[in-house]
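> Sequence:
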Amino acid sequence: MVLSGRYLHGIEGLDFTDYPKIREDQETFRMWPQVFRENGYTTAVIGKWHLASDYRHGTVWDHSIIWERLGGAKSGDYFRNQKLRFDGGDFTPVGGHSTDNYTEYAQDFINRDHEKPWMLWLCYDAVHAPFTPADRHQESYANAGPIETPADIYPPRPDKPRYMQNYSMFEPAPDGVPVDERQQLPLPKLVQKYHSGVLSLDEGVRDLVDTLEKSGQLDNTIIVFTSDQGIAMGHHGMEIKVAPYDDNIRVPYIVRLPDGQSSGTAIDMPVNVIDLIPTFFDYAGIDLPWEMHGTNLRPILENPSLAWDRGLLQENFSRSFGSQTDVGLTIVDPNEGLPNQNVDWWIFMRHGNLKYITTLVPDEIEELYDIEKDPRELKNLALDPENYQRMDQMRKMMLEELQRTNAGLVENLPAPKRLLIFNP
Numbered sequence: 001m002v003l004s005g006r007y008l009h010g011i012e013g014l015d016f017t018d019y020p021k022i023r024e025d026q027e028t029f030r031m032w033p034q035v036f037r038e039n040g041y042t043t044a045v046i047g048k049w050h051l052a053s054d055y056r057h058g059t060v061w062d063h064s065i066i067w068e069r070l071g072g073a074k075s076g077d078y079f080r081n082q083k084l085r086f087d088g089g090d091f092t093p094v095g096g097h098s099t100d101n102y103t104e105y106a107q108d109f110i111n112r113d114h115e116k117p118w119m120l121w122l123c124y125d126a127v128h129a130p131f132t133p134a135d136r137h138q139e140s141y142a143n144a145g146p147i148e149t150p151a152d153i154y155p156p157r158p159d160k161p162r163y164m165q166n167y168s169m170f171e172p173a174p175d176g177v178p179v180d181e182r183q184q185l186p187l188p189k190l191v192q193k194y195h196s197g198v199l200s201l202d203e204g205v206r207d208l209v210d211t212l213e214k215s216g217q218l219d220n221t222i223i224v225f226t227s228d229q230g231i232a233m234g235h236h237g238m239e240i241k242v243a244p245y246d247d248n249i250r251v252p253y254i255v256r257l258p259d260g261q262s263s264g265t266a267i268d269m270p271v272n273v274i275d276l277i278p279t280f281f282d283y284a285g286i287d288l289p290w291e292m293h294g295t296n297l298r299p300i301l302e303n304p305s306l307a308w309d310r311g312l313l314q315e316n317f318s319r320s321f322g323s324q325t326d327v328g329l330t331i332v333d334p335n336e337g338l339p340n341q342n343v344d345w346w347i348f349m350r351h352g353n354l355k356y357i358t359t360l361v362p363d364e365i366e367e368l369y370d371i372e373k374d375p376r377e378l379k380n381l382a383l384d385p386e387n388y389q390r391m392d393q394m395r396k397m398m399l400e401e402l403q404r405t406n407a408g409l410v411e412n413l414p415a416p417k418r419l420l421i422f423n424p
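Position 30 of the sequence shown, counted from 1, bears residue number 30 in my numbering, the numbering being contiguous throughout.
I should point out that these hints are in silico values taken from the structure, not numbers from a laboratory. A couple of the hints might just be wrong.
To be verified - Below, a list of computed lysine to aspartate or glutamate pairs in the DMTMM-like style, where the Cα atoms sit at most 20 Å apart:
#1 K214 to D125
#2 K189 to E148
#3 K83 to D125
#4 K21 to E104
#5 K214 to E115
#6 K241 to D125
#7 K83 to D108
#8 K189 to E115
#9 K189 to D207
#10 K396 to E411
#11 K214 to E386
Unchecked claim - Pairwise CB distance ranges, derived in the manner of DEER restraints:
#12 D18 to V205: 33 to 39 Å
#13 W121 to V177: 57 to 63 Å
#14 R69 to D282: 26 to 32 Å
#15 D210 to K379: 24 to 30 Å
#16 E181 to A144: 22 to 28 Å
#17 N39 to D259: 41 to 47 Å
#18 A144 to V332: 22 to 28 Å
#19 A144 to L399: 23 to 29 Å
#20 S323 to V2: 16 to 22 Å
#21 D113 to V209: 47 to 53 Å
#22 E213 to N353: 34 to 40 Å
#23 I222 to D100: 23 to 29 Å
Even for Gly, the Cβ is constructed at its ideal location relative to N, Cα and C.
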């Protein structure tokens, strides 16, 4: 999504059928930084790469320092002693913690004697399971207060779709503390390690802003800090990303405009990562090279009080893209036998305080949550017939956005099942 500016259903030329082997048709699956490069920008990418091993150095990127996520032993792990590919070269061993390394490489790029405008895509990877902080942060938050156990960490969840009703990645230890089955860590330790890992990321962002300021480039640079995913910490029984709940997918979305415009303003509007791409093109004065699915955020970034009523669509098709999603139903993964991390395909529409979720499985219930009153999405309002009209409105918005973006799956979506469940 980030490199194409399109929803998953609109991305062609990308094939994960034989994952972890990935095939790309470079003529069909185009990456927008190449257009910036063709329009006079120096383009750079530093950090994690989770696509085909031909990451297009020399066509999309002028400068590249890549850690190949799918390189296996050739690449090393997320955190230490990685093997990186510099400017299209072979794997080169480096020491140290990856977050610190990427920050240093980014500073070196910023400090170059740039004759042209530039764009840098910096992909930190170390805040990833198994959470491994830098050595200096190993004991950070060791004395933090108690961690609240999520209300629905253990099943059953009868008001959710079938795949969620008994989903569980935690078991209670003899002392009652939940233990994560993947990392075999008690929940408080899991949370402590994650937040400790974030500290070097915070330091890196601070150092990069300082570097921009000292080099005289800060007030001519747009900075965006965001992520490709969230991660639940026991919420809904999960310690993963791909589910449709805010705890799994919500991310920071921080933008600094040149000269500090709109500084310190929080905008209460749902936005998508693909909204960034048309925004970048507008600020750069470059015409969009193909149809983008996101919304140009420049008007509201420069005038946060602007009234803006829009919905937000998000979707998950495991490892399927484009016309592969036209079937409109969850496909069993040929390698894993189940959808990615046992989460069925889904689409949601967010508008105002409401969030509507449809799971792409026949004869499955819908979900509706009031995010303002129920931010943890614990009470499924879809089971109350009084909410059917609101659900119809949300589903209509979802279908209109899918149709606007030529989603082939629209005609094949399973019909919603409306069922009232009584909890004892």
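> Taking the hints in turn, state whether each one holds.
Here is what the structure says about each hint:
Among the hinted pairs, K214 with D125 is inconsistent with the structure: their alpha-carbon atoms are about 26 Å apart, more than 20 Å. For the hint pairing K189 with E148, the CA-to-CA distance comes to about 12 Å; that is within 20 Å, so the pair holds. Taken as a hint, the K83 and D125 pair is honoured in the structure, with Cα atoms around 14 Å apart against an allowance of 20 Å. Taken as a hint, the K21 and E104 pair is broken in the structure, with Cα atoms around 31 Å apart against an allowance of 20 Å.
Of the pairs offered as hints, the one joining K214 and E115 holds, with about 18 Å between alpha carbons and a cut-off of 20 Å not exceeded. Between the alpha carbons of K241 and D125 the distance comes to roughly 15 Å, so the proposed pair stays at or under 20 Å and holds. Restraint check: the Cα-Cα separation between K83 and D108 comes to about 19 Å, which is no more than 20 Å; the hinted pair holds. Under the criterion of a C-alpha separation no larger than 20 Å, the hint pairing K189 with E115 is inconsistent with the structure, at around 48 Å.
For the given pair, K189 sits about 28 Å from D207 by alpha-carbon distance, which is inconsistent with the 20 Å threshold. Restraint check for K396 and E411: satisfied, since their Cα atoms lie roughly 13 Å apart, inside the 20 Å limit. With a C-alpha separation of about 59 Å, the suggested pairing of K214 with E386 is violated against the 20 Å cut-off. Between D18 and V205 the C-beta distance comes to about 36 Å, which sits within the given range of 33 to 39 Å.
Checked against the hint of 57 to 63 Å, the C-beta distance between W121 and V177 comes to roughly 40 Å, which is inconsistent with it. Taken as a hint, the range 26 to 32 Å holds for the pair R69 and D282, whose Cβ atoms sit roughly 31 Å apart. Range check, D210 to K379: Cβ separation about 45 Å, and the 24 to 30 Å hint is violated. Here the CB-CB span from E181 to A144 is close to 23 Å, well matched to the stated 22 to 28 Å.
The hint said 41 to 47 Å for the Cβ distance between N39 and D259, and at roughly 23 Å that hint is violated. Distance hint check for A144 and V332: the Cβ-Cβ separation is about 41 Å, which falls outside the suggested range of 22 to 28 Å. Taken as a hint, the range 23 to 29 Å is violated for the pair A144 and L399, whose Cβ atoms sit roughly 45 Å apart. Between S323 and V2 the Cβ separation comes to about 21 Å, which falls inside the hinted range of 16 to 22 Å.
At about 20 Å, the beta-carbon gap between D113 and V209 misses the expected band of 47 to 53 Å. Between E213 and N353 the C-beta distance comes to about 39 Å, which sits within the given range of 34 to 40 Å. The given range of 23 to 29 Å is respected by I222 and D100, whose C-beta atoms sit roughly 24 Å from each other.
Violated hints for the displayed structure, listed by number in ascending order: 1, 4, 8, 9, 11, 13, 15, 17, 18, 19 and 21.
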